[in-house]
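**Q** Single-letter residue listing:
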Amino acid sequence: MPEMIINGLAVNFRSGETVLQAALAGGIHIPALCHHPGLGHFGSCRLCLVEILAGGRPGLAASCSLPASEDLVVETGTERVVRARRVVLGLLLARCPDAKPLLELAENLGAVKFTPRPGDPGCILCGRCVRACRAVGANVIGFAWRGRDRRVAVPFDQPPADCLGCRACEQVCPVNVIKVVEDRGRIRIFPWQSEIEMAYCRNCGAAIGPGVQAGRLQKRFPVEGPLSGLCPACRRRFQAALAGGLVIQPT
Amino acid sequence: MTGNEYTDIVKRHTSPNGRVLSILEEIQRKYRHLPEEALRAAAEELNLPLSQLYGVATFYTSFSLQPRGEHIIGVCHGTVCHVKGAARVTAELEKKLGVSEGGTTGDGKFTLESVKCLGCCSLAPVVSIDGSVHARVKPETVDELIKSAIPGGAPGD
Ligand code: FES
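For the protein sequence lines, the chains are A and D, in the order given.
Note that our numbering gives residue 20 to position 20 of the first sequence, counting from 1, and the numbers run on in steps of one.
Note that our numbering gives residue 286 to position 35 of the second sequence, counting from 1, and the numbers run on in steps of one.
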């Protein structure tokens with residue numbers, strides 16, 4: 001396997017991997033926000049900066065989008081890296097002064113200065129939710145506007161009709177600005193204002209999941225007859241009963 | 252049905268690459284903005300997520316989600332025009348037209364905008380009216396400028 005040098009240590013990497021991936025696999029920690037193992041790299045948060053000493057253009061580079069290569073020598077904690085990272089974190093915190101993950105990073109790094117931007121919605125524009133919605137959702141959110149007005153938005157700021165309620169956006173948000181409220185059989189996702197009816201098990205009444213998604217699944221993997229419309233637990237019981245085997249009593 | 256007239260525009264553009272912008276441009280030209288139904292119809296026809304079209308529509312300043320006026324007056328606020336007094340030109344136009352920057356007059360005739368560098372800094376400060384550029388504009392002459400650039404178009408008439 002090819003090797004590169006990170007913090008003076010030889011680290012293996014597979015071809016096509018980035019420096020961040022190589023570092024993580026080699027047990028070297030580099031803070032990163034917009035990177036997500038399932039969504040790939042995007043290079044928007046700039047927190048994963050490292051310093052290239054040799055084997056590339058010397059200077060700072062975002063390790064999440066820097067391809068690992070044989071003669072690359074990088075350092076993750078030089079004076080220069082730390083100083084730049086402090087600035088980056090300060091800028092991110094100015095947008096979301098209350099985000100716990102950012103505050104924790106700042107505490108670890110020390111000496112991070114920032115002034116909160118008044119009226120900021122608290123999003124760092126990392127694009128994880130947008131990418132997640134594209135990858136597993138219905139592609140209902142996207143970047144909109146430009147420059148300092150840029151934000152993640154639903155078209156025309158209206159509740160997106162196609163939202164599946166899969167909550168992938170909530171799951172991947174590193175600063176927890178996407179909130180989901182469950183209320184009387186529906187979930188609402190903010191700030192998109194999606195409203196999704198839940199589907200319920202027709203036997204025990206337990207929530208199975210968002211109705212649209214259940215409908216979509218039903219279309220792709222149709223379940224007909226007595227097993228349709230059941231929660232996993234009831235389905236197993238019905239299946240067992242149907243098979244004429246053991247009937248598991250509810251506990 | 253209005254959906255169809257937008258669909259017709261979409262269908263006229265057949266290049267497999269890069270037809271989104273020309274479609275949006277044509278809609279913008281025809282309706283002086285991008286109506287919501289137009290974007291929805293285009294997304295459906297192009298089989299693209301509406302969120303992506305919305306991103307494009309809001310990114311470029313040449314598109315607008317609100318109807319613009321018949322005539323577009325764009326004051327350049329690039330660096331040189333800024334230094335040469337673009338702010339005063341805008342202020343004067345705001346007073347004359349009775350709208351603030353970005354606004355459209357009540358009669359739907361004029362939209363006053365600020366634009367970024369138009370690429371002719373030696374002529375600063377410049378104002379573009381319906382696409383043609385006017386050089387070395389002074390706050391005192393904007394009245395005349397509009398009158399001469401737009402036939403019968405004196406503000407407040
Ligand atoms: S993780 Fe590399 S820029 Fe965000």
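Please keep in mind that the hints were generated in silico from the structure rather than gathered at the bench.
Incorrect hints may appear among the rest.
As the list claims (entries may be wrong) - Between beta-carbon pairs, the in silico distance windows are: (1) D/Arg-263 <-> A/Glu-79: 56 to 62 Å; (2) D/Leu-299 <-> A/Arg-150: 49 to 55 Å; (3) A/Glu-107 <-> D/Arg-263: 55 to 61 Å; (4) A/Pro-67 <-> D/Arg-270: 28 to 34 Å; (5) D/Glu-277 <-> A/Glu-224: 21 to 27 Å; (6) D/Glu-276 <-> A/Glu-224: 47 to 53 Å; (7) A/Glu-107 <-> D/Glu-276: 38 to 44 Å; (8) D/Ala-342 <-> A/Asp-71: 54 to 60 Å; (9) A/Asp-149 <-> D/Arg-263: 54 to 60 Å; (10) D/Glu-352 <-> A/Pro-121: 38 to 44 Å; (11) D/Gly-357 <-> A/Glu-182: 21 to 27 Å; (12) A/Arg-150 <-> D/Ala-400: 30 to 36 Å; (13) D/Asp-394 <-> A/Phe-156: 56 to 62 Å; (14) D/Asp-394 <-> A/Glu-107: 56 to 62 Å.
We put the CB at the ideal spot given by N, CA and C, even for glycine.
**Q** Let me make sure I understand: some of the numbered hints might not hold for this structure. Which ones are they, in numerical order?
**A** Checked against the structure, the hints that fail are numbers 2, 5, 7, 9, 10, 11, 13, while the rest are satisfied.
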